[in-house]
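Chain by chain, the residues run as shown.
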Amino acid sequence: MHELSIAHSLVELAIEAAEKTGTKRVKTLYLKLGVLSGVVKEALEFSFDVVVQGTPLEGARLVIEDIPVKVFCPDCKQAHILPEPFPMRCPVCKRRTGQVLEGREMELYALEGGEEDAGSDVKPPDR
Amino acid sequence: MQEVTLNPRIVEIRQNILKKNDVLARELRKGFQEAGVYVINLVSSPGAGKTTLLTEMLTRLGERYGVAALVGDLATENDAERLRLSGAQVRQITTGTVCHLDAEMVKRNLEGWDLEAIDFLFIENVGNLVCPASYDLGENQRVVLFSVTEGEDKPVKYPTIVNSADTAVITKIDLAEAVGFQRECFYEALNEVRPGIPIFEVSVRTGEGIEEWIAHLEAGKAAFEKAAGCL
Ligand SMILES: [Zn+2]
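Those protein sequences? They're chains S and Z, same order as listed.
Everything in the first sequence is counted per the working numbering, starting at 1 for the first residue and increasing by one.
Everything in the second sequence is counted per the working numbering, starting at 1 for the first residue and increasing by one.
Be a bit skeptical, because a hint or two may be false.
Residues of chain Z clear of chain S, computed beta-carbon distances all greater than 10 Å [claimed, not checked]: (1) Y65; (2) L110; (3) A133; (4) P159; (5) S164; (6) R194; (7) H216; (8) E218; (9) E225.
Derived DSS-like pairs (lysine-lysine); straight-line CA-CA distance at most 27 Å [unchecked claim]: (10) K32(S) / K70(S); (11) K41(S) / K77(S); (12) K226(Z) / K20(S); (13) K157(Z) / K32(S); (14) K157(Z) / K70(S); (15) K70(S) / K154(Z); (16) K107(Z) / K19(Z); (17) K20(S) / K19(Z); (18) K226(Z) / K24(S); (19) K19(Z) / K30(Z); (20) K41(S) / K30(Z); (21) K20(Z) / K27(S); (22) K32(S) / K20(S); (23) K32(S) / K19(Z); (24) K19(Z) / K94(S); (25) K24(S) / K157(Z); (26) K30(Z) / K154(Z); (27) K70(S) / K94(S); (28) K41(S) / K20(Z); (29) K20(Z) / K154(Z); (30) K226(Z) / K107(Z); (31) K41(S) / K27(S); (32) K94(S) / K20(Z); (33) K226(Z) / K70(S); (34) K94(S) / K27(S); (35) K19(Z) / K70(S); (36) K20(Z) / K24(S); (37) K154(Z) / K27(S); (38) K32(S) / K226(Z); (39) K41(S) / K226(Z).
Keep in mind that the hints were calculated from the coordinates and are not lab data.
Every residue, glycine too, gets a C-beta built ideally from N, C-alpha and C.
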């Protein structure tokens, strides 16, 4: 089960990102998880609850958005969302395509802080 | 009582959770490229014949190239012992309870090796078709192995790893008939998950397909060198 390792990386990344963006007391972590990411959502949620103990993120909530596979069909010249990760075929014309546009992500999308930061509004993250 | 409403702040982060691994893998890949090391990451279930095939590849390629292997294993030195018989430089990465290799483990275990003297580096991942999928090790080619005894639906049971692979190798092909291996179904399954994936059939026991497979690796290395030359 590599979700435990992933939860560790997530907490580490989130703490770092919270510091960088001046987010105090992180309330919620928003994640995007592709169905091809190889991560089991429930296992990640469970692991997160374990890993987060004793860290500055303790008590934070995990909100996970499932991202379906989106492929590009060279025949239709269009992107399509697949109802299942496979078959990797265009759902319209049934042509096989391996051009995956979305569905592999394992991304910390956003953080929600619980306290107002003195005078600053929502600002974009530092890059 | 007056209600105090806190102004929730949402800040966009948009970073890969495994960013640290990805950054390190990119560094490794660059270092490999500069030293001319072509790196192959082997993934499979336990018992697919990874170590046997690896021993064969190290022996054959070792006649003409500098070869080395990093072997991820949960607890034993047995695999590395078998591999050292080929004469190649081999290091065991004992992962303890961790079910996959990551870029950090690869980096740590390369210490002291002269990359300039290595042409092919094989990384035998931990026997597992789930966890290794998420970790880039800086490899040039990710190879997923299945043996003919594993059943035709195996690729669709592990779509993530198959979809992330560059090549598929079907091992123990000499047993195909005996176990009633359904070649077409297997190819179909692989292509439903990773359309167009190159598939090789090999048997270390009879030697079937080994030369084609070795030639494919050499061609991969040649293409990689050509690309490096264009930098
Ligand atoms: Zn189409």
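Verification of the supplied hints:
Every C-beta of chain S lies more than 10 Å from that of Y65(Z), the closest at about 31 Å, which supports listing it as non-interface. No Cβ of chain S comes within 10 Å of the Cβ of L110(Z); the nearest lies about 20 Å off, and the non-interface call holds. For A133(Z), the non-interface assignment is contradicted: its Cβ lies about 4 Å from the closest Cβ of chain S, within the 10 Å cut-off. Against chain S, the non-interface label of P159(Z) is violated: not every CB pair exceeds 10 Å, the least being about 5 Å.
With a minimum CB-CB distance of about 8 Å to chain S, S164(Z) fails to clear the 10 Å threshold, and the non-interface call is violated. Here R194(Z) does not stay apart from chain S, with its beta-carbon only about 6 Å from theirs, under the 10 Å limit. For H216(Z), the requirement that its beta carbon stay farther than 10 Å from each beta carbon of chain S is met, with the minimum near 19 Å. No Cβ of chain S approaches the Cβ of E218(Z) within 10 Å, the least distance being about 25 Å, so the stated non-interface status holds.
With a cut of 10 Å on Cβ distances, E225(Z) stays outside the contact zone with chain S, its closest approach being about 26 Å. For the suggested pair K32(S) and K70(S), the alpha carbons sit about 14 Å apart, so the restraint of at most 27 Å is met. Distance hint between K41(S) and K77(S) is unfulfilled; the C-alpha atoms sit about 32 Å from each other, more than 27 Å. Under the criterion of a C-alpha separation no larger than 27 Å, the hint pairing K226(Z) with K20(S) is inconsistent with the structure, at around 41 Å.
Taken as a hint, the K157(Z) and K32(S) pair is honoured in the structure, with Cα atoms around 22 Å apart against an allowance of 27 Å. This hinted pair checks out: K157(Z) and K70(S) have alpha carbons roughly 19 Å apart, not beyond 27 Å. About 23 Å separates the Cα atoms of K70(S) and K154(Z), which keeps this hinted pair within 27 Å; it holds. Distance hint between K107(Z) and K19(Z) is fulfilled; the C-alpha atoms sit about 16 Å from each other, no more than 27 Å.
The straight-line distance between the Cα atoms of K20(S) and K19(Z) is roughly 15 Å, inside the 27 Å bound, and the hint therefore holds. Only pairs whose Cα atoms come within 27 Å are accepted, and K226(Z) paired with K24(S) is rejected, the gap being roughly 50 Å. Between K19(Z) and K30(Z), the direct Cα distance comes to roughly 17 Å. Compliance with the 27 Å bound is thereby established for this hinted pair. For the proposed pair K41(S) and K30(Z), the alpha carbon gap of about 33 Å is over 27 Å, so the pair is violated.
Pair hint K20(Z) plus K27(S) holds up; C-alpha atoms about 23 Å apart against a cutoff of 27 Å. As the CA atoms of K32(S) and K20(S) are separated by approximately 20 Å, the hinted pair is consistent with the 27 Å bound. Taking the CA atoms of K32(S) and K19(Z), the gap is about 14 Å. The hint holds against a cut of 27 Å. Proximity of K19(Z) to K94(S) is assessed by CA-CA distance (about 35 Å); at most 27 Å being required, the pair is judged violated.
A hinted pair counts as satisfied when its Cα atoms are at most 27 Å apart, and K24(S) with K157(Z) does not qualify at roughly 42 Å. As the CA atoms of K30(Z) and K154(Z) are separated by approximately 34 Å, the hinted pair breaks the 27 Å bound. A C-alpha spacing of about 14 Å is found between K70(S) and K94(S), which places the hinted pair at or below 27 Å, so the restraint holds. Our distance criterion of 27 Å between C-alpha atoms is met by K41(S) and K20(Z), whose separation comes to about 21 Å.
Straight-line distance between C-alpha atoms of K20(Z) and K154(Z) comes to about 31 Å, which puts the hinted pair past the 27 Å bound. Restraint check: the Cα-Cα separation between K226(Z) and K107(Z) comes to about 25 Å, which is no more than 27 Å; the hinted pair holds. In summary, the hint linking K41(S) to K27(S) is supported, as the alpha carbons are separated by about 19 Å, within the 27 Å threshold. For the hint pairing K94(S) with K20(Z), the CA-to-CA distance comes to about 38 Å; that exceeds 27 Å, so the pair is violated.
Between K226(Z) and K70(S) the alpha-carbon distance is near 33 Å, which puts this suggested pair outside the 27 Å criterion. Our distance criterion of 27 Å between C-alpha atoms is broken by K94(S) and K27(S), whose separation comes to about 44 Å. Note on K19(Z) and K70(S): the hinted pairing holds, with a Cα-Cα distance of about 22 Å set against a maximum of 27 Å. For the hint pairing K20(Z) with K24(S), the CA-to-CA distance comes to about 23 Å; that is within 27 Å, so the pair holds.
A C-alpha spacing of about 41 Å is found between K154(Z) and K27(S), which places the hinted pair above 27 Å, so the restraint is violated. Note on K32(S) and K226(Z): the hinted pairing is violated, with a Cα-Cα distance of about 37 Å set against a maximum of 27 Å. As the CA atoms of K41(S) and K226(Z) are separated by approximately 41 Å, the hinted pair breaks the 27 Å bound.
Comparing the model with each earlier hint shows violations of hints 3, 4, 5, 6, 11, 12, 18, 20, 24, 25, 26, 29, 32, 33, 34, 37, 38 and 39; every other hint is respected.
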